[in-house]
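Participant: Sequence lines, in order, name chains A and B. Using our numbering, the first residue of the first sequence is number 1322, and each one after it goes up by one. Using our numbering, the first residue of the second sequence is number -7, and each one after it goes up by one.
To be clear, the hints were calculated from the coordinates, so they are not data collected in a lab. A quick note: this is a predicted structure, and the numbers were derived from the prediction, not measured. All residues carry an ideal CB built from backbone N, CA and C; glycine is no exception. Hints are all accurate, no fakes.
Reference listing, derived: stretches of chain B covered by chain A, where coverage requires no fewer than 3 residues with Cβ under 8 angstroms from a Cβ of chain A:
id, stretch
1, -3 to 7
2, 198 to 208
3, 228 to 235
4, 256 to 266
5, 269 to 275
6, 295 to 302
7, 323 to 334
Chain A is nowhere near these chain B residues, computed Cβ spacing over 10 angstroms in every case:
id, residue
8, Lys89
9, Ser129
10, Gly146
Take a look, some chain B residues computed to stay more than 10 angstroms from chain A by CB distance:
id, residue
11, Ser63
12, Gly92
13, Val101
14, Gly106
15, Val109
16, Ala130
17, Glu141
18, Val163
19, Gly169
20, Ser218
21, Gly287
Chain by chain, the residues run as shown.
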Amino acid sequence: MTVLRSTTQIVEVAESFDANLRQTQQYIQVLYVSATAIERPATSALSLTQSATTENILNLPASNALSLSQDATTYGVTRVGSSLFLTQASALEIILLRNVSNTLALTQEALYNQQVALSASHTFALTQSATNNLQLPTQTADNTLSLTQSADWARLAESVLVLTQEASSVDGAITDTAENTLSLTQSATTLTVLTNIASSALALTQTAVGPIIVVGATNVTSTLVLTQMAVGTITENYVILSAEGVSVLLPAPELDDKENSVSEMSVKRAMDGTLRTYVRKSPSRLLSYTFDLTRAKGLELQAFLSAYNDNSIKLHNWKGEVWDTNLMTNPVNYTQNRKGPNVGVNLQFEGSKISG
Amino acid sequence: MTLRLIEGFDGLTALGDKYSASTFHTVSTDEPHSGIQSMKSAGSTTDFAYMPIPGSTQSNEIYLGFAFRHSVIPALSGYSMVRFLGNGVSGAYLSIKNDGAIQIGGAAVQIDSGANVLAINTWYYIEVKIIKSNSSSAGDVIVMVDGAEWINCGTGLDFLAGANNWTDCIVFRGYTGSTRYYDDIYVCDENGSSPTNTFLGHVTVATLHPDGEGNTNDFVGSDADSTDNHLHVDEATDDGDTSYVESNTPADIDLYTFDDMPEASDSILGVQVSSYVKKDTVGQRLGRHVARVNGSNYEGANFGANSSGYLFADTIWELNPDDAAAWENADIDAAEFGIKVQA
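Whenever a hint applies, use it, and build me the whole structure from the sequences.
Facilitator: In structure tokens:
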């Protein structure tokens, strides 16, 4: 009994040590799925190419409409990269007698949400072009290019916005004034062609860039660069005879071409012996051209003169001059060229120069 | 309870304070996946760190998730990176083949991830599902990497040595010449309710330290007062008996406020309160962790302490005990946590 009591007493003593519970460090660990954490890249690409074309529409208004809605979204817990590629083309060709309107309107939005931590990049690239071709004389050609763009981002993000625009008119109106109105980055070219002869060429290139506006920053940089060039070139090496809307094209004449006055001067002696000189002035000039023609061209000239020799003939020569003339040679004699099958013919015109 | 373990290594002074580990396994600031530290394996096939899973003998399925990074693809296949132990017996293991593919194997079967390989010097979040049975069905053994399924076993495969066995311990291994890092570890099982009864996905562990006195401060600090108790337990590196709080009076509670969550979260899957505790002498003494949320105290299960030295006591609250719903950042930012002398 004593032993048992003793044992009990030992246990009681041990429990009475009254140990302190001692804590030297405490922390909590929270297991969570981050709203932003992200180690591995995830990409989603959506590319779409569309085209709408209307051709050979005569005398009626023509319109092309191309509307496109795209959405590219990537969800995930890792780094997110979204790319939206868009290619659009809208073309109107060979439109006659009506105003032509090309409108390409594009609204794009690329939005990143919850892009935090690590690096986030945002690239928004857009290329647009609007072109009117083959606009006839006296018609108005308008190119309108409007853009609405926005790039939004949150937190750490970089945005790159690249924009290229081009508006051009080709083969424009004969003898009419060609006007190009440019804004921002544009180029316009007008090429004027007279019948089969390229009598003039006007090339104009303009470039304007800027302004570049940095939203939310204090520094704004604007850059405007403008380059212009106008070139006129005479490339004629022919003579053209035109009457009643019909023309014949002849090669440049032989070297003995002449241009003489048709004014007349006469000297008279009066009965008292006084010498008097009379001058009859005329604005007309006498043009004498000798042509070396092939047989076919000779026959063509013969047919032209037979039909219009009593008409007023408009003459364009290789010097870029335009004359209003009458044919003075009658009859027209064609001589066989001893050197070959060609025929020679001398033509004399009397008339006034109206340009050149 | 289905969430069995949370470990981010940021609160540990030495890996051996909490886990049995070889000298080549350490906590290191070299390459944390999150926070300030991860577990580093310096490069030996004899490296190991044992991580027991509390209560896992009730589990038929074990889900392990961990962030992983390595510096060298092994020249030889078959050396494990993670091994599952049950009752001291080695069962299934996860290894890296000599082409970088992941391989999961067992007693008589190995399945690898084929063309899916682990690049070096890159963090991956790897999740593994392993079952208790040694005869698997499709879907019983799965390896996920960054949320994508890399391996799914077939039917009738035996991943375990011998008879059916549970997994009660995870062993993290090293490999000669390769520096490996492990971080943000979780273990859960199939019990309980969603979401903590299956794969949790790519998760992060945030370690928060006390930053102020809580509602109650009954413990006495090593400076013989109770006015600044949180300063005795807020060290990122524990200082042992240099600075502490203690009490031998049952029902005494010491509460502290904690750092706020470091970032926004999509979901919070659990909060683990960890205390580095001991008894100052022999004798019975039990403690409990206390979470004070929305003005009310909620207590965890009893834990003991040794008089021979400090040990870690952990309590997990998967849900906010005040509303039985998932924790939210604001809940944690406003909550107090602490310790109680239970008996």
